[in-house]
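Asks: In case you want the letters, here they are:
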Amino acid sequence: MENKNNIFEIYTGIIGLAAMITGILNIIVWSGIYQTIDLGLFTIGGDDFFRWVWGSLVVIFGGIMLISGAKDIHKIEQFSKSFLGAVMIWIVAGTDIFATICENIPAGEESAEFFNSLSGFVSAFAPPYAPAVILLPFTLAFAVYYFRLENN
Amino acid sequence: MTTPTAKRWEIVDLIANRTVTAGEYKPSIKDYLSELTVKPLTGIPVALAVLYAFWSIFSSFAGALVTDGFMVKLFDNYWLPWIQNVWPNPDSVLYFLFVGDPLADNCFEAFGMLTSGLFVSIGVVLPAIFIFYLMMTILEDSGYLPRLAVLMDGLFHKIGLHGYAIVPAILGLGCNVPAVTATRNLETKKQRFIMMVLLAVFIPCGAQLGIMLDVIPETVGWVMLYLIIGFCLFGFILGKLIPGGNPEILIDIPPYRRPALQNICKKLWVKTKGFFINAIPFVLLGILFVNVLYLLGVIQALADLFAPLFVTWFGVPKETVGPLIAAFLRKDLAVAQLSTIAMTPYQMITAVVLISIYFPCVATFVVMLKEGVKELAAAVGVLAVIVFLYGGLIHLIGILLGVA
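Residue numbers (UniProt numbering), protein chains in the order written: chain D, 1 to 152; chain U, 1 to 404.
It is worth saying that the hints were derived from the structure and are not from the lab.
Please note: incorrect hints may appear among the correct ones.
DSS-like cross-link-like pairs, simulated, lysine-lysine; straight-line CA separation at most 27 Å [unchecked claim]:
hint, chain 1, residue 1, chain 2, residue 2
1, U, K189, U, K271
2, U, K267, U, K370
3, U, K39, D, K71
4, D, K71, U, K30
5, U, K26, D, K75
6, U, K370, D, K75
7, U, K240, D, K71
8, U, K240, U, K189
If we strip away everything but chain U, and leave its shape as in the complex, we get (with noise of 0.2 Å):
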């Protein structure tokens, strides 16, 4: 037997009189503080320094400090030249596999899986990681997450999703693995689809961020612009074409809190080893596959292939097809690829948003796969006529301000 609805709610009312005493409450500054980020006058320029906080802690630590200070040369100086003196036979399988070039002077351009691969995943993606998990972290635990979401839900409401699309959206620009999986937050599937798709396409993940940052600094702004174009566009697209609801955004806000340093530890433990386990593999294992492609022809024959479409379509330059393709298994490496290609800067810019829209790298199409056959059938689907249409649009651009 239930009880009636209306019963239910005399219930509630009986024991509010009995348990609850209301007052006169005086707000602190905390309320103050709270009440103005989540304001969009106040809150927007607010977000826009805790980003720009985000963003700049994030590429002193993983860029400047631990890839460039320490990684590059610990991987260039000692364990390139250990492994190309003591692994046998250069001229060998073997040896292209797991080395890779046996006249590379860096780890970079060697692209053998234990020299590039292990660089890219240890020296490169791990700090990024490190450092995202700790800065989402304290974001989180702080309580300026939650006010985030509120404040950008006007905006990604637009885009058939709510607010709090904007935690797998930053989780994005650290590991699209991880940012998948957060999309089970979102309440309808309608909303789920899309930002895996959003996702998939326009957010660059981190490795892919610190290797166009380390190869084409004057081109990244330019490429961040596209894609934040692109995702807003496309979102706004997807969001009327896919039937499905999207209900208004109903989250607890918590108070302000100074983030607990075991809490802290914790969480950032759980995270990091989620990703030696679920992508270093990803990483290695894409580049050994890749390096196997490449031998057996498969790589030149799906370049010659697609050329015509690239060059004629995209815009590019013909030997941009083997990185473009290659995208599919190592997007960061594929950027570095076209950095030694002669191009214009606007090619060049073409390029690295084609690598970025690009099919998702194959550790977060697996993740897409968990998520379900028929979701990832139709999402590789809209990924596939996204990137063929806003690809031949950035051409367009290009032709009508005569730089293409």
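Chain D with its partners taken away, still in its complex shape (with noise of 0.2 Å):
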């Protein structure tokens, strides 16, 4: 059992860990030392300020909370920490998604056509992602862990 919780807790620091990081070098990447970092499945940068200077500091925020919760993950007190940070990459990660959704449903300003091709609507879905949205699968074990405390 005690192995099993050093084992969460070092997951929980390195998923805050990696929400800290990317959401500085997002901040960095704004302020203009570099123009994009793009690794293939991931990419930092964006034109659209509040999406990305204020989804940043939100994904920063969630990787401190994540951080700060993980020592004593098992204590419920030290998990609602860790999971609230969670919550928070959830929330960029999720608009993220909803906002390529929105905006693939449409065909387009020049289409004559109203809605998008299906093949259109699906190929906005291909990488590179936002770091929220990698780091999303990896915070799901937080929901898991939840439930769990709840149905308790």
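Build the complex: two chains, separate frames, hints provided.
Replies: Pasting the structure below:
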């Protein structure tokens, strides 16, 4: 049991650290030191000021909350901190995915059609992804743990 | 005959002793989450995330999906050419009032009641209002809104308000009409007056925000920054100057709950119906009224009269005076008009901030009137002073920075 907790503590710490680093990188790119960081599967950059800077701050805070709850995560008060950190990453990832859906249902300004083709819609979800979207599946473990706690 | 207070407390104790059993309570995960969302250290980052979600979903749905994705195409490619074809005599006054510019190729710039008026009400504001109220209802029913109120209480108390002022403040970002009505939830006359003035001056509505994001996206961040600073600055001053009480917040914080779909649908229907009845007729009639004023030369006369003030004091070009005067009835379209005028980026920021802090739109004006003639007159006086001072201050900052 102790070992399991240790693994979950380390796992939470790594996710939190990854969130913090990607959030800070986002801010560095926004400040103009780098143009864009593109590593194939994920990209840091963008032209939407609000989504970029505000979203990065939320990811950084999410990372900090994940890390602050990592130690003794089996305690409910510690887990709730990490869980809130994970929720913050879901918020940024979820709104990114929602924005992609909303932008790609219509056919686009130039097209005479109203709706995008199915292949056009699906291709919009190809990589690269924003860091929060990459982190999303790794944070789903916190949802599973939350529901287990709630049921108990 | 009334029971003395001490006697009443004795009765309360007696009932409590017989009915309440004290036991050990083991806090659940929801209790801890509830506490974390109210404590400033963890609550403020969560509030930042929730407001980010609010903003992002609002702009994705209302902007990218409905307005830009479908409504622009529907109105510009189908509605505008059709109405330009079927409406007789493009040189007539009626054509100018209802269809607007016969050469316009989009509803945005046509400025007729049935072109720009319908596009702004149905194509821009309605989707914004729909998604805005949906998000507000979810926040309210989930139990997050009272927590946000508690969290904001410290800041709002510095400006003569209390935490629940966050409700009209957020509502105002959708439409100032229900926001002014929501100020009735505040406890004292002082709080209601300050909130009404701050709403009318510093909170841009959904229609204006939508058009700002569409037409001048690179400027919106700076405009919002100026508005937030102005909100806090003048809130603080009004809080000090206006006599009256500002009692501590006392609200019941419900537990977090999953919102019920039926409740969401009901609330959404009532609020959206209210918008159809209260706001859409005002937008349409407002455009008609401004077009009549244009025809009679009133807008031009006012523009000439106020030109020296705008050019010298506010530091914006003379051409902006027309849109700024007309902003009383259609702030959103005034932003669109400004975007076509040649200006430096700083002048553009100043002009858009001026449109935002300028007198509220006619619909808000009517709702403020319902709150009382005296209150409206006082609010208008304070508004005029704030616009004059803050507009001049922004110009001064520009001069000091060497960009004005």
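Asks: Is the hinted pair U:K189 and U:K271 satisfied, with a Cα-Cα distance of at most 27 Å?
Replies: holds (26 Å)
Asks: Compare the distance between the alpha carbons of U:K240 and U:K189 with 27 Å, and conclude whether the hinted pair is satisfied.
Replies: holds (14 Å)
Asks: Checking one constraint from the list: CA of U:K370 to CA of D:K75, max 27 Å. Satisfied?
Replies: violated (54 Å)
Asks: Given the hinted pair U:K26 and D:K75, is their Cα-Cα distance within 27 Å?
Replies: Holds. U:K26 to D:K75 sits at ~13 Å (cutoff 27 Å).
Asks: Given the hinted pair U:K240 and D:K71, is their alpha-carbon gap at most 27 Å?
Replies: Status violated; Cα separation ~46 Å.
Asks: Next pair to validate is D:K71 with U:K30; report whether the Cα-Cα distance is within 27 Å.
Replies: holds (20 Å)
Asks: Given the hint that U:K39 pairs with D:K71, test it: the Cα-Cα distance must not exceed 27 Å.
Replies: Measuring from Cα to Cα gives roughly 20 Å; hence the hint holds.
Asks: Checking one constraint from the list: CA of U:K267 to CA of U:K370, max 27 Å. Satisfied?
Replies: Holds, at roughly 23 Å.
Hint compliance for this structure: hints 6 and 7 are broken, all remaining hints hold.
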